Amino acid sequence: MDSVEVVILLGVILVTLAVSAVALVRTSRDERAVIAEIDAARESGDFGSLVARTGIPWPQVGETLMAERIDLISVDPARIDAFLSVHDEDFVIEHGWTDQFQADLVAGTEYFAKRAVCLPGTWLLRIRADGATPRVDNAGFITVSEQRESNETRPTLGMQLRSPYRGVGYMSEALPLVLQRIAADGCAPVQMTTAAANEAVVALAQRCGFGEVERVAHRLPNGAVVPSIVYEWPAPDEQGATNPAER
Numbered sequence: 002m003d004s005v006e007v008v009i010l011l012g013v014i015l016v017t018l019a020v021s022a023v024a025l026v027r028t029s030r031d032e033r034a035v036i037a038e039i040d041a042a043r044e045s046g047d048f049g050s051l052v053a054r055t056g057i058p059w060p061q062v063g064e065t066l067m068a069e070r071i072d073l074i075s076v077d078p079a080r081i082d083a084f085l086s087v088h089d090e091d092f093v094i095e096h097g098w099t100d101q102f103q104a105d106l107v108a109g110t111e112y113f114a115k116r117a118v119c120l121p122g123t124w125l126l127r128i129r130a131d132g133a134t135p136r137v138d139n140a141g142f143i144t145v146s147e148q149r150e151s152n153e154t155r156p157t158l159g160m161q162l163r164s165p166y167r168g169v170g171y172m173s174e175a176l177p178l179v180l181q182r183i184a185a186d187g188c189a190p191v192q193m194t195t196a197a198a199n200e201a202v203v204a205l206a207q208r209c210g211f212g213e214v215e216r217v218a219h220r221l222p223n224g225a226v227v228p229s230i231v232y233e234w235p236a237p238d239e240q241g242a243t244n245p246a247e248r
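Numbering (the working numbering), first residue to last: 2 to 248.
Treat the hints as calculated values from the structure; they're not laboratory data. It should be emphasised that the depicted structure is a prediction, and the values quoted were computed from it without experimental measurement. From the three backbone atoms N, C-alpha and C, an ideal C-beta is built for every residue, glycine too. There's no promise every hint is true.
[Claimed, not checked] Just the calculated beta-carbon pair ranges, DEER-fashion:
(1) GLY212 with ASP186: 18 to 24 Å
(2) ARG216 with GLY168: 22 to 28 Å
(3) ALA218 with MET67: 34 to 40 Å
(4) ALA225 with GLY132: 38 to 44 Å
(5) GLN207 with ALA41: 40 to 46 Å
(6) ASP238 with SER164: 33 to 39 Å
(7) ALA41 with PRO228: 23 to 29 Å
(8) ALA41 with PRO135: 35 to 41 Å
Working from the sequences, and respecting the hints, build out all of it.
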C-alpha cells in the first residue's frame, strides 16, 4: 500500500470521528438531498449535470497552484476523504470539539466538505520533497465556502496546517496563491475569523492585506469562549487592491 492509499484510508476512518468547525448545525433534509446528489455524481462521473442542478461550480480536477516549496491541489469530489484526513486529533482539540458534538455532526461534516468544494474551492496543501524534506501530500488545507448569515451569503475562508508543519512559512506561501485566485474568480471580498491569540494567523492576515472588521466572542462546542477577530480581504478601505504578492 503506497502513501496515497494510506492517506485515503486514514480519511475514510477519520470521517467517522472528525467534523468540520464550520458546519455548526445539524444536517437538514435539503442538505442530505445535496449529499445524495453528489454521491450519485461521484459514482457516475457526471459532475456537469450536478453543477446545473445544484449551482455548485466544481473546480478543474487536479488543478494545481504552485509556490516555492508547496503545491495547492484542488479537491474534486473523488478526493473528499483526503480532505477529511487533515482533521486530525490536534484539530479536534484546538477547536474544542466534544464527543457528543462529533457524534451529532458527522453528517454535517460530509455536507460541509462536499459543499465547500467550489471555486476557488478547497485546496489541499502538499509539501514537495526537497533534500531532507520528504513529500507530504496532506499537510493542510485552505477552503473558500459559502457562509449564510441572515439573508446574506458571503465567501468565507478557512485554513488549517497540521501541527508538525507549522512555523516554517508554508501557509505564508499558500494563502497569497488562493487570494490571487479569489480575485481572478471575482469572489472577493472574502472573510475569515481567527482567535485573537493566534499571533501567527493574525500576522499572516495583516501581511496579506486583510483588514479587521470586528472582534467577536466565538463559542466552541465544548463551551469555551474564544476572543476572535473577523478579517476581510481586501481590507474594507482597500477594496481595489487585490494582489497580495505585492503587499
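Do the hints match the structure? See the list:
At roughly 20 Å, the beta carbons of GLY212 and ASP186 sit within the given window of 18 to 24 Å. With their beta carbons about 25 Å apart, ARG216 and GLY168 fall inside the hinted range of 22 to 28 Å. For ALA218 and MET67, the hinted distance range of 34 to 40 Å is satisfied, since their beta carbons lie about 39 Å from each other. At roughly 41 Å, the beta carbons of ALA225 and GLY132 sit within the given window of 38 to 44 Å.
At about 44 Å, the beta-carbon gap between GLN207 and ALA41 stays in the expected band of 40 to 46 Å. Distance hint check for ASP238 and SER164: the Cβ-Cβ separation is about 35 Å, which falls inside the suggested range of 33 to 39 Å. Distance hint check for ALA41 and PRO228: the Cβ-Cβ separation is about 43 Å, which falls outside the suggested range of 23 to 29 Å. Distance hint check for ALA41 and PRO135: the Cβ-Cβ separation is about 38 Å, which falls inside the suggested range of 35 to 41 Å.
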